[in-house]
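Enquirer: Each chain, written out:
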Amino acid sequence: MWEWISSNGGSIKEFLRNSVEIAILWLLFYQIYRAFHATRGARIMVGLVLCFMVLVLVTYFFHLNVIGWILTRILAPGVAIFLVVIFQPELRMGLAKLGSHPLFSNIAKLHRVDFLDNFCKSVSLLSSKHCGALFAFERGISLKQFIDTGVKTDAIFSPELVSTIFHTKTALHDGGVVIGSDKILAAACLFPVSQKELSDRSLGLRHRAAVGLSEETDAVLVIVSEETGSISICVGGRLERNLDGQQLRSRLEELLNISSNNVDYEKVVS
Amino acid sequence: MKKWFLNNWLAKLMCLILAIVVWIIIKKFVAAEETTPRRSVPEQDIRRSHP
Chain A
0 MWEWISSNGG SIKEFLRNSV EIAILWLLFY QIYRAFHATR GARIMVGLVL CFMVLVLVTY
60 FFHLNVIGWI LTRILAPGVA IFLVVIFQPE LRMGLAKLGS HPLFSNIAKL HRVDFLDNFC
120 KSVSLLSSKH CGALFAFERG ISLKQFIDTG VKTDAIFSPE LVSTIFHTKT ALHDGGVVIG
180 SDKILAAACL FPVSQKELSD RSLGLRHRAA VGLSEETDAV LVIVSEETGS ISICVGGRLE
240 RNLDGQQLRS RLEELLNISS NNVDYEKVVS
Chain B
0 MKKWFLNNWL AKLMCLILAI VVWIIIKKFV AAEETTPRRS VPEQDIRRSH P
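One line per chain: the protein sequences are A and B, in this order.
When we follow numbering that gives the first Met the number 0, the leftmost residue of the first sequence carries the number 0, and every step to the right adds one.
When we follow numbering that gives the first Met the number 0, the leftmost residue of the second sequence carries the number 0, and every step to the right adds one.
Hints listed in this document are in silico derivations from the structure and should not be mistaken for laboratory results.
These figures come from a predicted structure and were not determined experimentally.
Zero decoy hints are in this set.
Restraint-style ranges between C-beta atoms, simulated for each label pair:
id, chain 1, residue 1, chain 2, residue 2, range
1, B, K27, A, R138, 44 to 54 Å
2, A, T148, B, F4, 26 to 36 Å
3, B, W3, A, E89, 22 to 32 Å
4, B, I24, A, R138, 44 to 54 Å
A few chain B positions that, by computed beta-carbon distances, are all more than 10 Å from chain A:
id, residue
5, K1
6, K2
7, L5
Ideal placement from N, C-alpha and C gives every residue a C-beta, glycine not left out.
Pulled out of the complex, with its shape left as it was, chain B reads as follows (with noise of 0.2 Å):
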């Protein structure tokens, strides 16, 4: 397990390191989508606010 570690560690860590880059940017594109406030939610507020 350790050798397998150590051989080619280097492509490895940077394998690594794009794997949490690339999850980190689209975790944030994903909630950045799921928190867009969708249409329905501002007619509302209109409708509330001019019964």
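Pulled out of the complex, with its shape left as it was, chain A reads as follows (with noise of 0.2 Å):
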């Protein structure tokens, strides 16, 4: 096969040039593949690329012109048409996805303003309800080893799934939850505890694996107390402590560098 794509060019540039459309080819078929192979029309494609396939060859080994002339000006189009008819759910979802790319700013920004509005409520709410919870955002440095000692969850934000996590009646309220890309990644996470001194010694394990894992990390870590249901942000193995809504808010802003201030709500929406 190789060799018939090589001698089919005849020079090196020519392998060079087929060998790029096989690859862009290949690329196409594996981005097609992973966004539609665990969905409701994928067995219904493979069925139709399977006939049209079949007819293709029939058509080109046994010459039957009408049929290919069918096949390659009628059939064809009709096939793209009827792929995007049925496939009309996952491709909006996929157009979706684009939009939320951080390369599309804006849209993903007021995304991202949503997440921290959900996440400022449920931390509000947990500390309300005097609620023991710890939060790690993931930033450049990868909190990998920290997930892989929990159990991962991969689920979207939401204030009701913190409050299950970290009701005390639930498997995975000891430990922290691990945050990336606005998503909670994992829940009942280890992290190390730090062995300096503290200046408070009324301050739990839940805060000393906080300052830990800040030291070690660049991840920014929320911590809610037990105790007095005080909220503290911790940051290069520094605790702020005792934080009201509004300035968890504005510090997260700050170190996820998350601006409300720059998203255009209307130009948006609209």
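Dock chain one against chain two, each of which comes alone in its own frame, and use the hints as you go.
Expert: Listed below in structure tokens is the structure:
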């Protein structure tokens, strides 16, 4: 096959051009497979593609010119339209994903502001209930080694989910939650406990774990005290204690580089 | 890189085979269309043989 590919071109330049063409096709097919392999329409697509391939092969080997003409001029565009109709929900989802890519920063920022609103609401709720909680925001340095110590969730963030995780009668309430790309990546994770002397001896293991992780990584940690319900932030081994909802929000905006001021809501919504 | 190749390797291999097959078929179709004689060629032949 490789011989045919290379001999078909004749020169190295032609061979390289053919290889690039095949590589592009390969990437295209693999991305299509990744996008659709677990969807309802996947089997329909496989069936359609198989039928089309068989027809093309039969037409080619038996020189069926009329069928070939119909295939290339009528059926191929028809199949393309048919695929768009079948995969309409998946295409919508894919385009929505593309729109939320950081390249299209305004929409992505709007989503992040939404996330921050949800997060601050959740922390305030936990604080009012005196429910202890520990969150670690992943930034430049990967927290994979700590994620592996917990239970991977990869869940969309919601106040209800967070309340459930940190409820004292659930299996995941011990340990910390790791948040990355505005998702809950894992719960019940074990963080390294700091060995340094903390000024306030009343600070518990949760605060020590937050200090320990922030010493080792560039993560931003948010702690809700079980005893007092106070909210703290820990970055670079430094604790900022007794923050209210607004202070927490503005500090997180700053640390996670989420600027609500830069988002033109009306422009984005319209 | 190695990890990326090993991850889901069967799907990647199948996609590569499909890409090569599709590429060959399309290339042959394109080549066949390019070598099909145009209408003017036989007309010129006739004119040449019957001046």
